[in-house]
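Engineer: Line by line, the protein sequences are chains A and B.
Here the first sequence stands for residues 1 to 403, where the numbers follow the working numbering.
Here the second sequence stands for residues 1 to 285, where the numbers follow the working numbering.
Because the hints were derived from the structure by calculation, they are not lab data.
Heads up, a few of these hints could be off.
[Unchecked claim] Chain A is faced by these chain B residues, among others (derived, beta-carbon under 8 Å): (1) Asn10; (2) Gln118; (3) Thr135; (4) Pro137.
[Stated by the list, open to error] Which bits of chain B does chain A cover? Going by a derived footprint, with three or more residues having C-beta under 8 Å, they are: (5) 204-217; (6) 259-265.
[Unchecked claim] Result set (SDA-like, lysine to any residue): computed pairs, CA atoms no more than 25 Å apart in a straight line: (7) A:Lys208 to B:Leu139; (8) A:Lys169 to A:Thr195; (9) A:Lys208 to B:Ser258.
Even for Gly, the Cβ is constructed at its ideal location relative to N, Cα and C.
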Amino acid sequence: MTRHMKFTTLTAMLALAGGAVTAADKTLDIGVSDALTGGAAVYGLPQANAVQMAAEEINAAGGIKVGEDTYMLNVIAYDDKANPTEATNAVRKLIDRDGVKFILGFCCSGATGAVASFIANEDAVMLVGNAAERSITTREISNLVRTRPPADYTGAAAGTFVAQKGHKKVAVLGALDVGFYASYVDAFETELKKTGGEIITRESFGLKDRDMSPQLTKIRELQPDAILVVGYVEPAAFIYRQAIELGIDVPRYGFTSGSEEQFLRVATSEQMEGVWDLRPTELTLLSASDNGIAYHANYSEKFGIAPSPSSPYAYDQTYALKHALEAAGTVEDTAAVAAALREMPIPAEVVMQYLPVDGKMFDVNGQAYTSNGAFQWQSGNWVFVQDLPSDAAAYSAFLSTID
Amino acid sequence: MIEILQQIVNGVAIGGVYVLIALGLTTVFGILGIAHFAHGSVSMFGGYLTFFMVTAWGFPLLLAILIALIVGFLLGMLIELLAYRPVRNANHINAFIVALGLTMMVEGLNLQFFGHEQVVIPTNLARVFDIGGVTIPELRLYVIIAAALLIIAMTLFVEKTKTGQAIRAVAENRDAAILMGVNVKTIPLVVFAISTALGVCAGVMVGSLFAIAPGIGEWLVVKGFAVLILGGLGSIPGAIVGGLVLGVTEALAAGFISSAYKDVIAFVVMIAVLLLRPQGLMGKA
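All chains should be modelled from the sequences, with the hints used to inform the complete structure.
Structural biologist: Structure follows, in structure tokens:
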């Protein structure tokens, strides 16, 4: 049975079991294009799960009321493997074959950028989740919104934080051939330089690399005050482990958004102790709002695994869409729904802690902003330590100046 | 100086894994002329199997490795019997297509049985040794030692045993080997069994040092073939030297030139070697 069929059947069964579907109810198909397999599935699969869970919650609560009609959500999910070609095919299938007008998910920037390049010409609304490449929301695409803030928005805040810690020589090890990681580091460096600090080396690794000892050996010889690791969870976990094995005893900062479970598959808690993750204030149980705590519990119970910190971006997409549909009063007029998304306040059900711009969840570029936070690994958990300086309104104004 | 030594140690550990993969590939290629692309995926199967036995069934690591080796040995024979033997006398393109199909099949089976998640074989080997400023994690040290022992065992087997001599004879001249009374029907079975068992060892090493995940097998087999060409097609000493050269070159390139281009640099070195010695480092002209 395909994942698509599984999701469809599951949704229908749960809705029926809950007695939510009546003869008068209609079904609204919503699509998910995300990495359900492959290296990026650590981000994509939890996002797809989150959309599924939100849809079931919405259905169980009576569905979406649009004018006189009530719609039950049916999720159709396709695996885009975080690959631009696969994502294009998945979205084409959703639009052309399945007749879907609302497409969610999108964990990864390469695949998302490919879809964003043509979505403006489609009768559809695209809601982007975890993909952090800045250019996704600088193209003035009126039918696209994104719940995750761009990487450089967070990188600047991280640079300020590390500079305030007094570090002057920072070594970077990252997936620097990925645009949004590079932009995080660029913004980080700009802020670091303001206090006389510098990045003494930029070492790279590929997404499938797991042996970072050559790069770490070089970094060790340069005697940095701190290291900054930017990349996907899996290689990052190896870096943290191998840095300890090589005796690198300096503060380790990162931008990875991995859960405890994901890191512990590779490194021990002792090897992770003291590592910082400087990222949007995503889900960690110790920093979560009531919504976040409930989300964590429900997700864990439903899927038998803790949610990844970034997965609520997709959960929040689903609720944002619900409110936009209700506000627009239509499921057919995608332009009206896209406009409603840009006008809506932050829904009460969302998990992430968004910073409104002019009282709205999404700014004129379709971009949402969360606060940024400094999380530290302490005794087996990511512990929220403090907010990072985050000025959503100023960044939004900056974003509007970019072509 | 310490940095150079450290990078060499880093390179030897990964180079040892390359050697094991290349040894399997080179014996198969040397005897049968088959580019056994599925070797990487089969190696990953061995790694996954070990991981599964350790984590799901609670087997001790060494016992799990032993069972995986036996399974690998039998699997190798099965692959030869069912996949390659039927096309042995056909055009070479047939074996090539079988190899590609087998790769996709084994990758698919790995996904079906073990899922898409990255897994790391737990070892509890967390100590780190410092020898004159050169740091060697305990696990890497054991990987280097195990790889060295396997290479020595393989070399002794090929050089000193009757079966090994028969393998070399078939590799040198199949027709002459038949005339000398070598049972050429059983040799491919033995070669595939040993080759797959070595691949399983490499899979376990990759799985414990780094991780096993979909796609890693492809990466491993690409490296294996690079070593094969660098060392000389069908040459066992060439596989050993080539694997170590590739591993150390990658480490030195990442450490002293550019981590972004370490693979590129390693392949440039390989091409440079082939320009000077087209037959590879240890291949026969």
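Engineer: Next step is simple, just say for each hint if it's right about the structure.
Structural biologist: Now for the hints, and whether the structure bears them out:
1. Here the hint on Asn10 (chain B) is kept, as its CB sits about 4 Å from the closest CB of chain A, short of 8 Å.
2. Residue-level restraint check for Gln118 (chain B) holds (minimum Cβ-Cβ distance to chain A is 5 Å; threshold 8 Å).
3. Below 8 Å, beta-carbon pairs count as interface contacts, and Thr135 (chain B) has one with chain A at about 5 Å; its hint therefore holds.
4. Hint status for Pro137 (chain B): holds, given a least beta-carbon distance of 4 Å to chain A, under 8 Å.
5. For the stretch 204-217 of chain B, the stated coverage by chain A is satisfied: 7 residues place a CB nearer than 8 Å to a CB of that chain, which reaches the threshold of 3.
6. Requiring three or more residues with a Cβ within less than 8 Å of a Cβ of chain A, the coverage given for the stretch 259-265 of chain B holds, as 4 such residues are present.
7. A hinted pair counts as satisfied when its Cα atoms are at most 25 Å apart, and Lys208 (chain A) with Leu139 (chain B) qualifies at roughly 21 Å.
8. Distance hint between Lys169 (chain A) and Thr195 (chain A) is fulfilled; the C-alpha atoms sit about 11 Å from each other, no more than 25 Å.
9. With a C-alpha separation of about 17 Å, the suggested pairing of Lys208 (chain A) with Ser258 (chain B) holds against the 25 Å cut-off.
This entry satisfies every hint, going by the numbered hints stated previously.
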